[in-house]
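Put chain B on the given structure of chain A with help from the hints.
Here are the chains, one letter per residue:
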Amino acid sequence: MDPKKILIAVDASENAKRAAAYVARVVGATPGFRVILLTLERPPERDLFKDDDSHRQACEARERGMLAAQDEIKHILTQGGVPAASIDAHYVASCKSPMAEGAEKCGLGQSIALEILGYAKEQGCGTVVVGRRGVSKAEEFLFGSVSSKIVHSAKNCTVWVIS
Amino acid sequence: MAERSVKELVAGLRPGYRLGRFGRVVDDTSQFMDIGYGDVLRLAGRHYLVFKDAMERRFGYVDAKFWVKKCLELETGERRIVKLVFHESFPLRVGDVSVLCFRSPAKEARVLDTVRGDERFMQGFTTRDAAGNLVRIIEMISGNSIENIVAANNMQHAGYFRDVFPSLLARFIVACRAIAWLHSKGERHGDVGRDHLFIEHKTGTMRWIDFDYAYETHENPFGMDIHGLGDILVFLAGKGVHTIQGMREAGTPRSLLATLTADDFSLVFGNRLVNLGKIFPYIPERLSRILRHFAAGAEVFYESVDELLDDLEPAAEAMRGEVRGDE
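Just so you know, the protein sequences line up as chains A and B, in that order.
Counting the first sequence from 1 gives a position; my numbering is that position plus 150.
Counting the second sequence from 1 gives a position; my numbering is that position plus 40.
Since the hints were derived computationally from the structure, they do not count as laboratory data.
Since the model is a prediction, treat every value here as computed from it, not as a measurement.
Worth double-checking, as some hints may not be accurate.
[Said to hold, decoys possible] Derived pair list, reagent style SDA-like, types lysine to any residue, alpha-carbon separation capped at 20 Å: (1) B/318 / B/338; (2) A/200 / B/130; (3) A/200 / B/338; (4) B/105 / B/133; (5) A/287 / B/135; (6) B/110 / B/62; (7) A/287 / B/134; (8) A/167 / A/219; (9) A/200 / B/171.
Just chain B, same shape as in the assembly:
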């Protein structure tokens, strides 16, 4: 049987679908830079029409992820993310610390297998293209990152902390349990951050995405994930990141700023306030104590997610009904 062109595939599988460009059918995805809008990836007996490269927003910049394609699965009409093989290594800076990071398709494929059917994580499967590349086909999550969701909230902190934060915290605890479970399977997420935790519109569930980061670790293989969870917790409790400059611009009284010391700021990102109770005194001490574990002044670190949860779960329980939002 003659190979069907993109035009024939689209006409046959998605009749009436209008496409601006009919590209080529691709079996070998090695040259991912050459794959773009209108091409069709033929993988695992299905056809994925490419719309565009995925984009990543970090520190105000937008970078195209040329190896990640936003697609339409022609057989089902479902949107999919298709992640192609890109063996990249780069120094990942975490505050003043640098760690050599690797993008590992094999690791992400393994984690996808581990979390199959667990809605706390993104779902997908792995297949090999004609050249043997490990291609991951991911179900799209209809939702937004917690970073964007919190940023879009226009409430004052006190109201947010009283009315919105408890629900976010309850769901974040579920997300923490998910990471603890992943660790119990000997796997790391690798890039725990507020841009990799999505809230699904339909269910309100928090779901982890992107598992392809791998790096060499020393004594605690899960420390980076725990740091990421702490960073998210501080972000959620603070309704954003609070730097000295940001607090000055927001009109925080000088007398209050004068009480802040280096010990109140993040152990890893020295310009971010972690001891939030100093500027938001209605934050319960029990929660503040947990936040201070991630501060430069911390004497003891959380060595496992379970240790964090042992403190966080009762703190959240105690907060229910206690948060009065005194302004």
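Chain A on its own, in the form it takes in the complex:
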């Protein structure tokens, strides 16, 4: 695992932008670093919609939002001095998404944290960066926390949790 190969797990949240801005400050234009922006699709659950059409529309809207955020985060990194050629943006569709058909690879959505760590391992990333949502203890119990689970489950890599 190469510590200079940094995986930033991003979504459309402010926490993800904060995480990217931090990486940009630390890495900047220093040669030898490689940054992977990983966006895992998290489609809204089908049960929350009356019919397939409204679900598909919501999934498409969320996908657009995630991809736009990924572009914005790439911009944050390049503005911070990270060369565009050192940044790879990856988008992994969810197997549960109605748009996942035909995708080479899709996420099972059981645990975002474990999928992030699995992806980091697969790509040989020695550093994993996530933003922290700042949830309460009760919320963490009820809904779980991606950053906490990454911290507890990570092996053979360094984890940066950006508050």
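Frame of chain A; chain B shown alone:
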């Protein structure tokens, strides 16, 4: 053949049955507010005579569930609950946390299929009405919720804990295994609570009801169900909910109340005591340790029902014969 009226249907299928009002035969249940006593729902080739809307009691209030009809299946004479389609979303408050909750007929239909034949869950089937609505037809459970059963018990806590709780705990463990199994199928109950766990009169079995709640989750899709199980366990072990105010009114010594800290209360409902061993010292430490996993002072949470069961099953085993009820 001419359509039969309600009067003709009742006379033909339930001869001698007396009805105060003969309503209409309904094929399209979309307008569920207009369906009431004396109407007959025609679904899946059967006829369901409507008695009334189901009621829900929560926090001392009684709300009519207009989309849930208590019925008589005219062909068999069996009582049925018929759940009509109501796409409702509402913020569900769980302590200080709010989650946007959806009432999903499709989810409940799927879970009913998953649990078919498993007596640990309510049973029923789903059909579509003439307008394509997913209508769930549920078998009535002759029994009562554990909330009502525990509330109706007049024993002192020590006697209850010694004589009643072990049997309830053994059955609750079976109910927990049922939820673990449901999770293994990728499904959530969605509204695990003491009003949704019934004890059937005939068999004494605990059975889960109502699977239509759905909500967006983050990292742990089963956390809300696990919280619900913890809440029920505390309720069963404590023979009710214990708040500071309730304990004062019950005459709990001030010196004892003074030992309670915020860490002893529920992580989610900050006014409910979870560390029950402090007021009921005969509760075995092994069980108390499990209860404290649901307290504000918990350092580690249960992330799966299996983890809870790994602790609870040996604790229950150890309690058998150990509970002496020292008063």
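Hints and how they fare:
{"no.": "1", "hint": "B/318 / B/338", "verdict": "16 Å, holds"}
{"no.": "2", "hint": "A/200 / B/130", "verdict": "15 Å, holds"}
{"no.": "3", "hint": "A/200 / B/338", "verdict": "39 Å, violated"}
{"no.": "4", "hint": "B/105 / B/133", "verdict": "19 Å, holds"}
{"no.": "5", "hint": "A/287 / B/135", "verdict": "12 Å, holds"}
{"no.": "6", "hint": "B/110 / B/62", "verdict": "16 Å, holds"}
{"no.": "7", "hint": "A/287 / B/134", "verdict": "13 Å, holds"}
{"no.": "8", "hint": "A/167 / A/219", "verdict": "8 Å, holds"}
{"no.": "9", "hint": "A/200 / B/171", "verdict": "14 Å, holds"}
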